[in-house]
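Each step along the sequence shown adds one to the number in the working numbering, with nothing skipped, and position 162 is 164.
Be a bit skeptical, because a hint or two may be false.
What the hints assert, rightly or not - For each label pair, taking beta carbons as the anchor points, the in silico distance ranges come out as: (1) Asp103 to Glu64: 28 to 36 Å; (2) Ala180 to Val111: 35 to 43 Å; (3) Arg101 to Gln124: 13 to 21 Å; (4) Ala76 to Leu163: 34 to 42 Å; (5) Gly100 to Arg72: 40 to 48 Å; (6) Arg101 to Ala164: 34 to 42 Å; (7) Pro60 to Ile154: 41 to 49 Å; (8) Ala180 to Glu96: 31 to 39 Å; (9) Arg65 to Cys157: 38 to 46 Å; (10) Val161 to Arg65: 30 to 38 Å; (11) Ala180 to Gly100: 30 to 38 Å.
In case anyone wonders, no lab produced these hints; they're calculated from the structure.
Cβ atoms here follow ideal geometry from the backbone N, Cα and C, with glycine treated the same way.
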Amino acid sequence: MGLRASRATSVTSRKPWSRQGDVILTETTARSVVVLYLRQVLDLQRGDAMSPRNQGEPSLIERRHARRARLATAHGAFLVATGLWPLVSLETFEAVSGRKDEPWLVKTVGLVLATLGVVLWQSRREESRAQIELGRLPALALAGIDLWYAGIRRCISPVYLADGVVEIGLAVAWTMVARGDAAPSQAPDGAVLS
3 MGLRASRATS VTSRKPWSRQ GDVILTETTA RSVVVLYLRQ VLDLQRGDAM
53 SPRNQGEPSL IERRHARRAR LATAHGAFLV ATGLWPLVSL ETFEAVSGRK
103 DEPWLVKTVG LVLATLGVVL WQSRREESRA QIELGRLPAL ALAGIDLWYA
153 GIRRCISPVY LADGVVEIGL AVAWTMVARG DAAPSQAPDG AVLS
């Protein structure tokens, strides 16, 4: 009794799936196809270096990890730069954001933001729920402060509205990363993995 497999090159040589045409398989080699397929599914779930369908291209898990690492790096750098700015030059900071009555408070908040940025940058190689919240929650808090005091109450410089928009963008990006991590992976033939 023969079985037909559409994406196997050579079952006995244990090569990965390819798009090189159809191969007629016997009942004995069909088991090998199942074993190969299960190995590839497990490789995808572990995040091995190569995707079974596209040799040489990063797997879905690697692309997700790279997106998360880029976001953590960019957000961390943004927080370090904006946090250290009032420490390096309070005059230029006040020229853009308006005069501050309490320079020590501006510098304190700047140090806290810079510290948060360093921790976020250092977390770029990790994948945890805490990393997502470390990026998303401070961005939402800063956006809320910016939009409330610059937009609604109008008691701080309107330049903070631009910062609020940036912070909302960062919070949305972290939310998309979190949703992407929760999305199921795709197996080589389109079957959903959990």
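Evaluation of the provided hints:
For aspartate 103 and glutamate 64, the Cβ-Cβ distance of about 49 Å falls outside the hinted range of 28 to 36 Å, so the restraint is violated. The hinted window of 35 to 43 Å between alanine 180 and valine 111 is violated, with their beta carbons roughly 26 Å apart. Between arginine 101 and glutamine 124 the C-beta distance comes to about 34 Å, which lies outside the given range of 13 to 21 Å. A hinted range of 34 to 42 Å is violated for the C-beta pair alanine 76 and leucine 163, which are about 21 Å apart.
About 32 Å separates the C-beta atoms of glycine 100 and arginine 72, a value inconsistent with the hinted range of 40 to 48 Å. For the hinted restraint 34 to 42 Å between arginine 101 and alanine 164, the CB-CB distance of approximately 18 Å leaves it violated. Judged by the Cβ atoms, the range 41 to 49 Å given for proline 60 and isoleucine 154 holds: they are separated by roughly 44 Å. Range check, alanine 180 to glutamate 96: about 36 Å between beta-carbon atoms, so the 31 to 39 Å window is met.
A hinted range of 38 to 46 Å for the beta carbons of arginine 65 and cysteine 157 is consistent with their spacing of about 44 Å. A beta carbon spacing of about 35 Å between valine 161 and arginine 65 agrees with the range 30 to 38 Å that was offered as a hint. For alanine 180 and glycine 100, the Cβ-Cβ distance of about 34 Å falls inside the hinted range of 30 to 38 Å, so the restraint holds.
In terms of the numbered hints stated before, the structure departs from hints 1, 2, 3, 4, 5, 6, listed from lowest to highest.
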